[in-house]
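Asker: What follows is the residue order along each chain.
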Amino acid sequence: AAGVIQSPRHLIKEKRETATLKCYPIPRHDTVYWYQQGPGQDPQFLISFYEKMQSDKGSIPDRFSAQQFSDYHSELNMSSLELGDSALYFCASSIMGLAGRYEQYFGPGTRLTVT
Amino acid sequence: SQQGEEDPQALSIQEGENATMNCSYKTSINNLQWYRQNSGRGLVHLILIRSNEREKHSGRLRVTLDTSKKSSSLLITASRAADTASYFCATVLAGGTSYGKLTFGQGTILTVHP
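Protein chains in written order, with this note's numbering: chain A, 1 to 115; chain B, 1001 to 1114.
Chain A with its partners taken away, still in its complex shape:
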């Protein structure tokens, strides 16, 4: 069965650089979520999109932006990178259905290291 695809899997950037993370949801899933997981931390919700519109926003820094495209893939753009942005970034997709009552399927994550 198709899974959530994230690219790249690993990314090394320097401080103040920009990064773009991509997410390809499971076919026919209409909702995409982004989470950030710092070392030894639990995942933190960043932002979500439902049918290409932003549906919810969490603790996402102003330096970050995201969008969902017409083919439902999503991109997380991160600018002015800081050391503290080093983390695993997960994308998840789901079928919205009955007000979020369905499980989310997570991608393998992108490990971002900022040096």
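Hints listed in this document are in silico derivations from the structure and should not be mistaken for laboratory results.
Don't be surprised by glycine CBs; every beta carbon is placed ideally from N, CA and C.
Among the clues, some could well be false.
Unchecked claim - Mimicking SDA-like on lysine to any residue, the simulated pairs with C-alpha atoms at most 20 Å apart in a straight line are:
#	chain 1	residue 1	chain 2	residue 2
1	A	Lys57	B	Thr1027
2	A	Lys13	A	Lys52
3	A	Lys22	A	Arg111
4	A	Lys22	B	Arg1041
5	A	Lys57	B	Thr1020
6	B	Lys1026	B	Asn1052
7	A	Lys57	B	Asn1030
8	B	Lys1026	A	Gln44
9	A	Lys57	B	Tyr1099
10	B	Lys1056	B	Tyr1099
11	B	Lys1026	B	Glu1053
12	B	Lys1026	A	Gly58
13	A	Lys52	B	Tyr1099
As the list claims (entries may be wrong) - Sample of chain B residues facing chain A (criterion: CB under 7 Å; computed from the structure):
#	residue
14	Gln1033
15	Leu1043
16	His1045
17	Leu1048
18	Phe1104
19	Gly1107
Guided by the hints, dock chain B onto chain A, whose structure is given.
Answerer: Same frame as chain A, but now just chain B:
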């Protein structure tokens, strides 16, 4: 503050024993989900329990939910070394405006010794 708090933070057992992890949360929920994560890797969905359910089973997993106490437990029976991982509970808030975002607890690190 975290919606979900888990205990214990770490659990070490022998193969064949049962492992129980607990999760507490603070607000009304639509559902509660358990995820597993092998070291530094992706999150794997284990089980979802809705707010109107009290118990659910899936293979060697048993999840209970007590909405009056705002708590849940995950029981893994007859554990195996391959069950070694971090386990997270995550909640979806109640309310019609919820778009299903997950709020995670801090996780329990389970180590199963062969």
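Asker: Indicate, hint by hint, whether the structure satisfies it.
Answerer: Structure-based check of all given hints:
1. Lys57/A x Thr1027/B: 18 Å, holds
2. Lys13/A x Lys52/A: Outside the cut-off at roughly 28 Å; violated.
3. Lys22/A x Arg111/A: Distance ~12 Å between lysine 22/A and arginine 111/A Cα, so the pair holds.
4. Lys22/A x Arg1041/B: Measuring from Cα to Cα gives roughly 17 Å; hence the hint holds.
5. Lys57/A x Thr1020/B: 33 Å, violated
6. Lys1026/B x Asn1052/B: Judged against 20 Å, a Cα distance of about 17 Å means the pair holds.
7. Lys57/A x Asn1030/B: The given pair, whose Cα atoms are some 18 Å apart, holds under the 20 Å limit.
8. Lys1026/B x Gln44/A: 16 Å, holds
9. Lys57/A x Tyr1099/B: Measuring from Cα to Cα gives roughly 10 Å; hence the hint holds.
10. Lys1056/B x Tyr1099/B: 23 Å, violated
11. Lys1026/B x Glu1053/B: Roughly 18 Å separates the two Cα atoms, so the pair holds.
12. Lys1026/B x Gly58/A: 17 Å, holds
13. Lys52/A x Tyr1099/B: 13 Å, holds
14. Gln1033: 6 Å, holds
15. Leu1043: 4 Å, holds
16. His1045: Holds - the Cβ of histidine 1045/B comes within 7 Å of chain A, reaching about 5 Å at its closest.
17. Leu1048: Because about 5 Å separates leucine 1048/B from the closest Cβ in chain A, which is inside the 7 Å limit, the hint holds.
18. Phe1104: 4 Å, holds
19. Gly1107: At 6 Å from the nearest chain A Cβ, glycine 1107/B passes the 7 Å test, so the hint holds.
Checked against the numbered hints above, the structure breaks hints 2, 5, 10 and satisfies the rest.
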